[in-house]
Amino acid sequence: MAIVDLANPSRFLNFANRAIPWLGGVTLIAFAFAINQTLAAPDDYQQGATVKIMFLHVPGAWLGMLGFALMSIAALGTLVWRHPLADVAAKAAAPIGAAFTLMCLITGSLWGRPMWGTYWVWDARLTSVLVLFLIYLGIIAVWRTVEDPSRAARAAAIFTLVGALDLPIIKFSVEWWNTLHQGASVLRLGAPTIDSSILIPLLAMTVAFTFLFVTLLLAAMRNEILRRRVRTLRLMRASAAS
Amino acid sequence: MLATHHLDFILGAYVAAVVVVAGLIAWVLLDYRAQLRNLADLEKRGVTRRSATAPPTAATAKEDA
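For the record, the sequence lines run as chains A and B.
Each step along the first sequence adds one to the number in the numbering used here, with nothing skipped, and position 17 is 17.
Each step along the second sequence adds one to the number in the numbering used here, with nothing skipped, and position 55 is 55.
Check each hint, because a few of them may be wrong.
[What the hints assert, rightly or not] Covered by chain A, per the in silico footprint, the following chain B stretches (three or more residues, Cβ under 8 Å):
no., region
1, 13-25
2, 36-44
[To be verified] One side of the interface only, derived from the structure: several residues of chain A facing chain B at Cβ under 8 Å:
no., residue
3, I53
4, A99
5, M103
6, I106
7, L110
8, L167
9, I169
10, A220
11, R227
12, L233
It is worth saying that the hints were derived from the structure and are not from the lab.
Glycine residues also receive a C-beta, built at the ideal position from the N, C-alpha and C atoms.
Isolated chain A, as found in the complex (with noise of 0.2 Å):
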């Protein structure tokens, strides 16, 4: 089946049963051993304990943006296509973005009130994510609050599209603003700063998120679909009995 094919929501749909399964059976699998290598992983040397709070706190931040990201694309697919598997998939993809800024911002308050003593500064890093996860709930708002899918999907797509601006914000905070949040340390240009003691449980973890993610979104776009055709043909049958 070609990429292309998926774009008609039958055949989506199709390769969602068929999918969902096999991902759900993979992203056990990456838990399993991201989670055993988050056990054997040491304490640091500075921050002790504290930075197992980072396999969590890093994958949260990671897929809330990624979460924005996909929103922002299939945003471009509902302006300029017109395509409804676009909207479909900007309305799934927000809940799940939300819940894993939502995880970013608790664990990073948990983490950083032994480091840093305080659950939260207004600095540039901490706001900007916040202002992602209020972006998130709004956008969520549209949707729950305009009833024609179309309609709420060209509100939807617009107001993504403002709060895209959002995301070179948060990712290049750190370096435009003087911030109590760290600099990069595993994105950056040169090698990763983390000792691969560590950086391997990062990463397994945050593998594993992913295809959490994907498993998730997958599953959310069906429901959508679903949704939909439950909308249409109670649509054709109030119209058939009046």
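Please arrange chain B on chain A, whose structure you already have, making use of the hints.
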């Protein structure tokens, strides 16, 4: 030493992550069941899609999943 000192923060972070992930999984599964139930209900009332190539009816979608 530090491990025991900050164990509550570490456990709190992992519990929060488990709650978030479990919530997402529950949301997706419950929503899927609800949509299948709605489709089955409509089929029972004789409301079906016109397209002959349409994949999942409620029954086939459940089988495929």
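Hints, one by one, checked against the model:
1. Closer than 8 Å: that is the beta-carbon criterion, and the region 13-25 of chain B has 9 residues meeting it against chain A, so the requirement of 3 holds.
2. Counting residues of the region 36-44 of chain B whose beta-carbon sits less than 8 Å from any beta-carbon of chain A gives 4, enough to reach three: the coverage restraint holds.
3. Of the supplied interface hints, the one on A/I53 holds, with its beta-carbon coming within about 4 Å of a beta-carbon of chain B, less than 8 Å.
4. Satisfaction of the interface hint for A/A99 is found here, the shortest Cβ-Cβ separation to chain B being roughly 5 Å, below the 8 Å cut-off.
5. The restraint placing A/M103 at the interface with chain B holds, with a minimum CB-CB distance near 5 Å, inside the 8 Å limit.
6. Given the 8 Å rule on beta carbons, the hint for A/I106 holds: about 5 Å separates it from the nearest Cβ of chain B.
7. A cut of 8 Å between beta carbons decides the hint on A/L110: the least distance to chain B is about 4 Å, and the hint holds.
8. Interface hint at A/L167: violated, since its Cβ lies 21 Å from the closest Cβ of chain B, which is beyond the 8 Å cut-off.
9. About 24 Å separates the beta-carbon of A/I169 from the nearest beta-carbon of chain B, more than 8 Å, and the hint is not met.
10. At its closest, the beta carbon of A/A220 sits 6 Å from a beta carbon of chain B; the interface hint therefore holds under the 8 Å criterion.
11. For A/R227, the suggested interface contact is upheld, since its CB lies about 5 Å from the closest CB of chain B, less than 8 Å.
12. With 8 Å as the threshold, the beta carbon of A/L233 comes within range of chain B, its nearest partner Cβ sitting at about 5 Å, so the hint holds.
When each numbered hint is compared with the structure, violations occur for hints 8 and 9.
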